Each structure stands twice: as C-alpha cells, then as structure tokens.
Amino acid sequence: MRKTIAIFILWILSAAVYAKSSNLDSDYLPELSSPAWSPELTKAEIAEARMSIYRMRKYNDIQARKVLAPYAKDPRNIEIRNAYALALARVNIEKAISELKLLSIEGYPPSMLAYREERLCQLDKYREACTKYGFDWVMKEAYLSWVRKDPIDPKMYFYAYYWHLPNTGRKSEDSSELTDEALSILHEGIENGCSSCAKELAYHYLSFAESEDDIEAISKTKPYMEKTKEMMISGLGRAETDNICFQSFINYCVSKKNNMTEGECLNRQKEEYQYGICLSEHQNLMLLDELAKKGDLVGYQNLFVNISPNDFNKNSAIPDSLYDYIWIGDEDRSLSPRIKKYYDRAIELNNGRGWRAYNLTENIEKWERLLEDKDSRDFFEKVGELLDAQKD
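Heads up: take any position in the sequence shown, counting from 1, add 249, and you land on my numbering.
These are calculated hints, taken from the structure and not from any lab test. These numbers were taken from a predicted model, which means no experiment stands behind them. Hints are supplied without guarantee of correctness; some may be wrong.
[What the hints assert, rightly or not] Ranges between beta-carbon positions, derived for each pair:
1. Lys315 x Ser424: 48 to 56 Å
2. Gln371 x Leu432: 29 to 37 Å
3. Glu459 x Lys590: 44 to 52 Å
4. Gly601 x Pro288: 12 to 20 Å
5. Ser585 x Lys420: 44 to 52 Å
6. Ser421 x Tyr382: 17 to 25 Å
7. Ile556 x Pro472: 21 to 29 Å
8. Leu372 x Lys307: 26 to 34 Å
9. His531 x Pro319: 41 to 49 Å
10. Pro586 x Glu440: 38 to 46 Å
11. Pro319 x Pro472: 44 to 52 Å
12. Ser583 x Asp385: 41 to 49 Å
13. Asn551 x Gly601: 20 to 28 Å
[Claimed, not checked] With a straight-line Cα cutoff of 35 Å, these simulated DSBU-like cross-link-like pairs (lysine-lysine) come out:
14. Lys589 x Lys307
15. Lys307 x Lys615
16. Lys374 x Lys398
17. Lys292 x Lys315
18. Lys615 x Lys322
19. Lys344 x Lys398
20. Lys344 x Lys292
21. Lys420 x Lys471
22. Lys381 x Lys350
23. Lys476 x Lys589
24. Lys350 x Lys292
25. Lys322 x Lys350
26. Lys374 x Lys615
27. Lys350 x Lys315
28. Lys476 x Lys398
29. Lys381 x Lys615
30. Lys398 x Lys315
31. Lys398 x Lys292
32. Lys374 x Lys315
33. Lys315 x Lys589
34. Lys292 x Lys476
35. Lys322 x Lys398
36. Lys344 x Lys307
37. Lys589 x Lys292
38. Lys350 x Lys615
39. Lys420 x Lys476
40. Lys590 x Lys476
We put the CB at the ideal spot given by N, CA and C, even for glycine.
Input sequences plus hints: build the corresponding full structure.
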C-alpha cells in the first residue's frame, strides 16, 4: 500500500515538472510535419480539427462536420478531408464518393478502404495492379507507401501485414510460420515506432511455447516483449494499450491457442507468474502520461479503464470518460475525486495539443443503399439540412 501511494505521489509531482520544463510539440504533435496536414495550420487549429475528427468517428456530430468544412477545402488537409467525406456520406452520398475518389487517387489508405474494392479497382491508377495482384496487394502497398512518408500512425505497418497479406502473413492456412514478407514488414514497423508490430512478433514466437519452461521458445519472444514495453512507455510511435498481459500461462493459453481447452492448458504448465507483455503499476502510469501528451483519446481511455476498473460506475448509461470531461466538464460533480485528478493531469500534460482518433474509415455502403433512389436521397438530404440549421 505504501509503495502504491509513493508511486502515485511521484507520478503527480512529475506532471508539474513536465509542464514547466517541456513543450515538446514537435515530438507529440506529428501533424506539424505530416504531409496529410497543411503546414500553415496553427497548434490551436490542429487541436480543434483533431477533436472534431474524434467526434465524427464516435458520434457523427453535425457541429463537428461544420468545424471541419473550411479545413477540408484545403487539399493539403488529407486526413481532415477523409473525415469530412465520411461525414458527408450520411447527407450527400454523391459528394462523399467524389471526395473519397480523389483521396483514393492520392493514395490515402483509409479513404481507399471506404471507397471500396469494386470502385478502387476501376480507377486507372489501380486497375492493372488489381488485375495482376488483387485488392489486398494494392491496399498493402498503399499502407506501406503512406506510412513511409507519413509516420503519424505507425500502426499502418501492422494493418498492411494483418489485414492484407495472404493467410494473415502465414506461409499457408495451416501454418504458424510467418512469411519472409510478413517478417520484413513487422521488423520495418518496429524500427519506425510500431509497437503493435513488436507485440505481434512477441506473441508469434510465444505461440510455439509448450510450457513456461520452454526455454528455446521463450528466448525468442523475450526481446520482442521487452522492445514492446520499451516503445510503449517511452512514447515512441503509437502505443499499444490493450490485450497485452495475461495473469497466468493458463489465461494466455486459452486466449491465444483457440484449439486448446483450459484443461489441456492446465496440463502443460505451472501457474506461477504473469505471462506476456505486462507493465508494472508505475509503467502503466508512464504510458498513461504518454498517451495524454500525444492526445490519443481512445488509447488513454482504454488503458485507464483497464488499470482502474473499480473507479467507473458500471451501472451508468454514460461512461465517466475523459472526452465527456473535456467537452462538458463536471458541473454536477459526478466524477470521483480520483478520476478527476487523473483527467486534470491528462489535460495539463496534453498542453493544448488536442485529442484525436486514428485510422478513420467506414463502410459507406449502408448509406449508399439507403440513399440509392431519388426519393429517399432527397428526403435524407432535407433531414440533414434541417439538422444543420438547428445547430446554427
């Protein structure tokens, strides 16, 4: 108990030291140097656009769409244009598809996914490659090409590997071995800040372990476990925050080896210690701080709930989220003092950079079907206009 209190006190004090001694926007605001964001945007404008993109992802907020509209007019604001196009799909599907087409030609992967295979492969830029190699090959190359010039989301390396390689990067459907291409993508990702890539390799090699005493298998996975933890708590790249620690080999075995029962796992190991990529209490707090500095709202909330599950009201229809606190405050004093202390610290560490979501894409086919005939299209466009008017 005393150790926990000491860690918490040191953690609180470090926020004040950071706020006074550091203003590392160049490290924690990659939009400043991203080719997907206009270099003329100010820090305040980036913060406003960041939050609006998050709101579009989570709520499809009409006011957020209005905030993004002037930024979306600048062709250099590629990420904003993508979010705005997805938002338009609900009220003006033709305009949304037109914008997604332009973004697809520019090679922005989230827009290419939203534009969909049948359209994308009809574009002059991709027709031949789709015919020769297939849609997944085109998407894999698009993710790799984009992330190599714009490291704002290094998890794109993982998307290229996991979503678009045949057999999820395995040599065959029945094989557990990764192909040379899969290994190459994951290693390149690790070198460029993809902690999800390091995590993937750690659990790949761990999958060959027959027990906690399988020294050969454990020796291969250990460097990648340590690398994952190092990347996470140092703030390098985009930190992985979920499904990384198991309380025992049994939990790991049942979770990861889907063809084995708990009984079979019990027969193959000794339950003695945590298994996998597990952070200490202090390391979790360090990671929480890094996520706040970067403005990773989803990552912050996921980690905070994981490490402080008893702090939240499970019976509440609306979670006590950091987003709610940032957006509407706590006038009714519903937040516990402990949660409020965490959130105040997060806002201080964020230093006005704003809060964001990553890899915004969506299947707009449902909106196309809903608005495919003139009568329904006119109806929903009028509804959209009325809703917009109410927000003015």
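Evaluated hints:
1. Lys315 x Ser424: 48 to 56 Å: For lysine 315 and serine 424 the Cβ distance comes to about 51 Å; the hint holds.
2. Gln371 x Leu432: 29 to 37 Å: Given about 33 Å between the Cβ atoms, the range holds.
3. Glu459 x Lys590: 44 to 52 Å: 45 Å, holds
4. Gly601 x Pro288: 12 to 20 Å: 19 Å, holds
5. Ser585 x Lys420: 44 to 52 Å: 51 Å, holds
6. Ser421 x Tyr382: 17 to 25 Å: Between serine 421 and tyrosine 382, where Cβ atoms are some 19 Å apart, the hint holds.
7. Ile556 x Pro472: 21 to 29 Å: 25 Å, holds
8. Leu372 x Lys307: 26 to 34 Å: Given a distance of about 30 Å, which is inside 26 to 34 Å, the answer is holds.
9. His531 x Pro319: 41 to 49 Å: About 44 Å separates the Cβ atoms of histidine 531 and proline 319, which means 41 to 49 Å holds.
10. Pro586 x Glu440: 38 to 46 Å: Between proline 586 and glutamate 440, where Cβ atoms are some 43 Å apart, the hint holds.
11. Pro319 x Pro472: 44 to 52 Å: 48 Å, holds
12. Ser583 x Asp385: 41 to 49 Å: At 46 Å between Cβs, range holds.
13. Asn551 x Gly601: 20 to 28 Å: 23 Å, holds
14. Lys589 x Lys307: At roughly 22 Å apart (the allowed maximum being 35 Å), lysine 307 and lysine 589 satisfy the hint.
15. Lys307 x Lys615: 17 Å, holds
16. Lys374 x Lys398: Roughly 19 Å between the alpha carbons, so the hint for lysine 374 and lysine 398 holds.
17. Lys292 x Lys315: 19 Å, holds
18. Lys615 x Lys322: 26 Å, holds
19. Lys344 x Lys398: 28 Å, holds
20. Lys344 x Lys292: 29 Å, holds
21. Lys420 x Lys471: Judged against 35 Å, a Cα distance of about 23 Å means the pair holds.
22. Lys381 x Lys350: Judged against 35 Å, a Cα distance of about 21 Å means the pair holds.
23. Lys476 x Lys589: Given that 35 Å is the threshold and the Cα spacing comes to 32 Å, the pair holds.
24. Lys350 x Lys292: With Cα atoms ~29 Å apart, lysine 350 and lysine 292 stay inside 35 Å; holds.
25. Lys322 x Lys350: 15 Å, holds
26. Lys374 x Lys615: 26 Å, holds
27. Lys350 x Lys315: It holds: about 21 Å lies between the C-alpha atoms, which stays within 35 Å.
28. Lys476 x Lys398: Holds, because 23 Å separates the two Cα atoms, which is no more than 35 Å.
29. Lys381 x Lys615: 29 Å, holds
30. Lys398 x Lys315: 29 Å, holds
31. Lys398 x Lys292: Holds - the C-alpha atoms of lysine 292 and lysine 398 are around 21 Å apart, at most 35 Å.
32. Lys374 x Lys315: This hinted pair holds, its Cα atoms lying about 32 Å apart.
33. Lys315 x Lys589: 30 Å, holds
34. Lys292 x Lys476: Within the cut-off at roughly 32 Å; holds.
35. Lys322 x Lys398: Within the cut-off at roughly 23 Å; holds.
36. Lys344 x Lys307: 22 Å, holds
37. Lys589 x Lys292: 25 Å, holds
38. Lys350 x Lys615: Between lysine 350 and lysine 615 the Cα gap is close to 18 Å, so the pair holds against 35 Å.
39. Lys420 x Lys476: 25 Å, holds
40. Lys590 x Lys476: OK: lysine 590 and lysine 476 at ~30 Å, within 35 Å.
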